[in-house]
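In our numbering, each residue's number is its place in the sequence shown (first place is 1) plus 10.
Just so you know, these hints were derived from the structure itself, not from any lab. A quick note: this is a predicted structure, and the numbers were derived from the prediction, not measured. If a hint is listed, it holds; no wrong ones were tucked in.
The list that follows gives simulated cross-link-like pairs (lysine-lysine, DSS-like), each with its CA atoms no further than 25 Å apart:
#1 K320 to K331
#2 K142 to K62
#3 K142 to K53
#4 K132 to K53
#5 K320 to K338
#6 K237 to K62
#7 K142 to K237
#8 K342 to K320
#9 K53 to K237
#10 K132 to K142
#11 K331 to K342
#12 K122 to K132
#13 K320 to K346
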Amino acid sequence: MAAAAVLPTATDHKRNWTPIITTPSASKVGDDEFNPARHLAFKEMPQVYTMKDIGLPEDTGISPVAVSEPFPLFTEEAVMRMRQEVLSPEVLGNCQYSSNLAQCQLRGFANKYAPFVYDVWKSPETLAIISKVAGIDLVTEMDFEIGHINISVKSEAEKQEELQAFSDRAQYEADEGIAGCPWEDDKPIVDWHTDSYPFVCVTMLSDCTTMIGGETALRTGTGEIMKVRGPQMGCAVVLQGRYIEHQALRALGTAERISMVTSFRPRCPTVRDDTVLTTVRPISNLAELYNQFSEYRLEILEERIRQQLKELRESNNAGRKVATRRLKAFFKEQEKFLAHMNREMVDEEEVIRGNIDDSHLLKSNAVEMAKAEVKSKKRPRRF
11 MAAAAVLPTA
21 TDHKRNWTPI
31 ITTPSASKVG
41 DDEFNPARHL
51 AFKEMPQVYT
61 MKDIGLPEDT
71 GISPVAVSEP
81 FPLFTEEAVM
91 RMRQEVLSPE
101 VLGNCQYSSN
111 LAQCQLRGFA
121 NKYAPFVYDV
131 WKSPETLAII
141 SKVAGIDLVT
151 EMDFEIGHIN
161 ISVKSEAEKQ
171 EELQAFSDRA
181 QYEADEGIAG
191 CPWEDDKPIV
201 DWHTDSYPFV
211 CVTMLSDCTT
221 MIGGETALRT
231 GTGEIMKVRG
241 PQMGCAVVLQ
251 GRYIEHQALR
261 ALGTAERISM
271 VTSFRPRCPT
281 VRDDTVLTTV
291 RPISNLAELY
301 NQFSEYRLEI
311 LEERIRQQLK
321 ELRESNNAGR
331 KVATRRLKAF
341 FKEQEKFLAH
351 MNREMVDEEE
361 VIRGNIDDSH
371 LLKSNAVEMA
381 KAEVKSKKRP
391 RRF
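Required output: the full structure, derived from the provided sequences and hints.
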């Protein structure tokens, strides 16, 4: 029987790395609550690339926006406050996960151990900024997905060795007049994947002033690779990651790379919600994940039914006939909505902890859909 993806205990994972940036003590950073005027650094809209710009159909996702360039989002004080909470013994001891896609992640901690981080992403001011960049009104996906952390740490010796190798290769390629596959692509921090959620905001919590590489690579509609430069400390990138295959490329010249990824979904209940749990089931406390997933999805269904009931009553009061086809179409859509929920909530004993298969990749989905189509054509027609 496969092992269920349950919350790891403190003995499952031990902190075997040291943050490079010394996080100030509470007395130096302060313990004030999140203050948008003091902790947000957003000034102007960054450049954004649309789905059309990267070769994908404009209606692929829930917004025309595919990805933004990095932009300042948080002040240094805000970053240090978040690091203080993220790197606390409680978070490191209770919320560490790893998988075949990423070796060290922290998840599901914000509403338990990180009140500042939680307030940052629940703030109307922060949500307004992310929504503006994304081109659609968004809310946080669920509490469990607030402030997901990816960590990559190297020793100073490893850092210098990589830089020397990079310099040697660059010199060789310059001498030979060639340029091969970028060296930092060989071992990405997070491998090729699509996100489980419609939008993400990736925020850098490390000092990357000396970093070489560290971009986010996107696979375009033509199969080419497009790179978006990595954000500096306190800066962020907004990505419609559910619909775009991407990977976090390895960075050189820095011994520590800690990024925070917060996921978002559309605020409007009538906008389609394509959330899946493929890449998060094996690295989650399933009791929490399934509870929060079910709660917000049922709230969406509740609001949709409430709106439909209101329209039905108003139509009846006005003496109009029931729009049968439209009503049946609504029923069919909600049946699909519930069936999708049921498929995503895989029984705990069938979830293999830390093992994320490739069903989340668009190319894999396309193959499976093609197989299903061929299979359906082979079935005898029924009359």
